[in-house]
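There are 2 protein chains.
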Amino acid sequence: MTGSGTDRTRPAVQAAAPIVILVEPQLAENIGMCARAMANFGLSEMRLVAPRDGWPSGGGLKKGATAAASGATHILENARLFASAAEAVADLNHVLATTARERGQMKRVLTPAEAMPEVAGRVGGGERVGILFGRERIGLTNEEISLADAILTFPVNPAFASLNLAQAVLLNGYEWFKTTGGEPPFRENNPSPPAKREMILSMFDYLESELDLCGFFPPGKKPVMTANLRDILHRLDMTEQEARTLRGVFKSLVEGPKKARLLARQAGEPEQSED
Amino acid sequence: MTGSGTDRTRPAVQAAAPIVILVEPQLAENIGMCARAMANFGLSEMRLVAPRDGWPSGGGLKKGATAAASGATHILENARLFASAAEAVADLNHVLATTARERGQMKRVLTPAEAMPEVAGRVGGGERVGILFGRERIGLTNEEISLADAILTFPVNPAFASLNLAQAVLLNGYEWFKTTGGEPPFRENNPSPPAKREMILSMFDYLESELDLCGFFPPGKKPVMTANLRDILHRLDMTEQEARTLRGVFKSLVEGPKKARLLARQAGEPEQSED
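Chains as they are written, first to last, in full-length UniProt numbering: chain A, 1 to 275; chain B, 1 to 275.
Same shape as in the complex, but just chain A (with noise of 0.2 angstroms):
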């Protein structure tokens, strides 16, 4: 999967949206990369909780967050930063919080599928929803997970649960995404239209007679064969423009060795097999 797809002509998705809050990030890369994430599913507010590294010190760590975010800039130069999560928060109307383990709060779970359709309710009627993501090895305190009205978690194998930060970003925003109606790129290429059954009734009639020329059926057996045969067929589920192809094909097949004979007569060679 490569930056090939991206279509700079296309406008970006802008509109309203979960606020993603990383809370004490300690890898700028990684800061990097959950912008790369969330523009990738249309996500465009990142709140900073103290970033290990502060932000911006320098060219540091601005640096490698830019490489990682591989063009996804805008999102990191409008990174708004905070002291504690519950800053972070203030202003918010819903906040989730994100967690792979079990904190003994009375509080729903729920999965990014599950959350999301709620989420884009609120986003909808004009609330402002933020998801905190915790520090990459220890993730959030429980008093931060307090903040949250709900907690998020993935469903993950069981024995390997650890999922990147960006990657736990990026499955939010991928459910965002797919929940607010985000369609892929493209899809089917097929300039032709389904074939109608008339058209494929026809071709097996002509490939069905020309194997009877051929001799291709034992006695007795062309039922059964002619029945395997369109079995076999009709799983092509084919267009009209590879109903005419695969006609062309059998036709070629049957006509080649009689024009190629006719060809070889016409100029005088001896033929290339016998009769």
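Just so you know, these hints were derived from the structure itself, not from any lab.
All values derive from a computational prediction rather than experimental measurement.
Ideal placement from N, C-alpha and C gives every residue a C-beta, glycine not left out.
Heads up, some of the hints might be wrong.
[Claimed, not checked] Across the chosen pairs, the derived CB separations fall in these ranges:
| hint | chain 1 | residue 1 | chain 2 | residue 2 | range |
| --- | --- | --- | --- | --- | --- |
| 1 | A | 187 | B | 26 | 22 to 32 angstroms |
| 2 | B | 86 | A | 245 | 19 to 29 angstroms |
| 3 | B | 213 | A | 15 | 45 to 55 angstroms |
| 4 | B | 138 | A | 230 | 38 to 48 angstroms |
[To be verified] Some, not all, of what chain A presents toward chain B, calculated at C-beta under 8 angstroms:
| hint | residue |
| --- | --- |
| 5 | 42 |
| 6 | 45 |
| 7 | 108 |
| 8 | 125 |
| 9 | 160 |
| 10 | 184 |
[Unchecked claim] The following residues of chain B were derived to be distant from chain A, with all beta-carbon distances above 12 angstroms:
| hint | residue |
| --- | --- |
| 11 | 92 |
| 12 | 126 |
| 13 | 166 |
| 14 | 213 |
| 15 | 215 |
| 16 | 224 |
| 17 | 225 |
Position chain B against the provided structure of chain A, taking the given hints into account.
Only chain B this time, still in chain A's reference frame:
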């Protein structure tokens, strides 16, 4: 999101699953991150087609990949090497190719969420299914995509469609895990059952009678104010434990001042507040 959710006492998910085929991956770190994403969602078989720097070509590459794999080393150790994509899919029954841009091929185009139910059916029926992922910058060639039965693409922001290689692997693994019944590692932690209505109504009666004694309701306003208050508190959708806690809070507010005054009188101290 951190390793803190990983429970090594729980069995690794090791059932039959799709095979991840990385075609000419450039960076060892990306190979490692793909292995980690696979492990998160129960995928275990990786194939590498001509990795740029060889495999294993010495400590450098293996080490970079191993660090990024965050413990998913069993996947790297068992990864098989092939010279071409055609060789890597030779023993498979069904092949999907990922791409972020249209290739003009007459193939079905599916999102991971659309593809995985069919993939699960095939894998469950004993088929070997592979998913091809292209080079970091330029993806798969058209010839490599021709090897596939269908195209996989992602619903992404068209103005920012560039997915990192490991994230493309992650989204497929995530949808695979969801489709095959993957559950989050924990759910709500509510040992207490939901409160029965009579418990809630009894609490309301208690609260309203005490508020009446305090002169809370202006003349004639009690019915409408009571209804509003009940609307607010019903929304809590309490467990039995929570209903008991909240009743205790009201009771303490009612009795606390009385009790404090009583205790103060017993101790011969002057009262803190007027009656």
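Here is how each hint holds up against the structure:
1. A hinted range of 22 to 32 angstroms for the beta carbons of residue 187(A) and residue 26(B) is consistent with their spacing of about 29 angstroms.
2. Look at residue 86(B) against residue 245(A): about 23 angstroms separates their beta carbons, and that is inside 19 to 29 angstroms.
3. Between residue 213(B) and residue 15(A), the C-beta spacing of about 52 angstroms keeps the proposed range 45 to 55 angstroms intact.
4. Distance hint check: the CB atoms of residue 138(B) and residue 230(A) are about 42 angstroms apart, consistent with the given range 38 to 48 angstroms.
5. About 5 angstroms separates the beta-carbon of residue 42(A) from the nearest beta-carbon of chain B, less than 8 angstroms, and the hint is met.
6. Because the closest C-beta pair between residue 45(A) and chain B is about 14 angstroms apart, greater than 8 angstroms, the hint is violated.
7. The interface hint given for residue 108(A) is met, as the beta carbon of that residue sits about 6 angstroms from the closest beta carbon of chain B, less than 8 angstroms.
8. With 8 angstroms as the threshold, the beta carbon of residue 125(A) stays out of range of chain B, its nearest partner Cβ sitting at about 16 angstroms, so the hint is violated.
9. Interface hint status for residue 160(A): upheld, as the beta-carbon distance to the closest one in chain B is roughly 4 angstroms, under 8 angstroms.
10. Taken as an interface hint, residue 184(A) checks out: its beta carbon lies about 5 angstroms from the nearest beta carbon of chain B, inside 8 angstroms.
11. With a least beta-carbon separation of about 19 angstroms from chain A, residue 92(B) lies farther than 12 angstroms from that chain, consistent with its non-interface assignment.
12. A cut-off of 12 angstroms between C-beta atoms confirms that residue 126(B) is not in contact with chain A; the least separation is 19 angstroms.
13. For residue 166(B), the non-interface assignment is contradicted: its Cβ lies about 8 angstroms from the closest Cβ of chain A, within the 12 angstroms cut-off.
14. Residue 213(B), annotated as away from the interface, keeps every beta carbon of chain A farther than 12 angstroms; the closest lies near 31 angstroms.
15. At roughly 34 angstroms from the closest C-beta of chain A, the C-beta of residue 215(B) stays outside 12 angstroms, upholding its exclusion from the interface.
16. The non-interface label for residue 224(B) is consistent with chain A: the shortest C-beta to C-beta separation is roughly 26 angstroms, beyond 12 angstroms.
17. With a cut of 12 angstroms on Cβ distances, residue 225(B) stays outside the contact zone with chain A, its closest approach being about 25 angstroms.
Of the numbered hints given earlier, the model fails hints 6, 8 and 13; all others are met.
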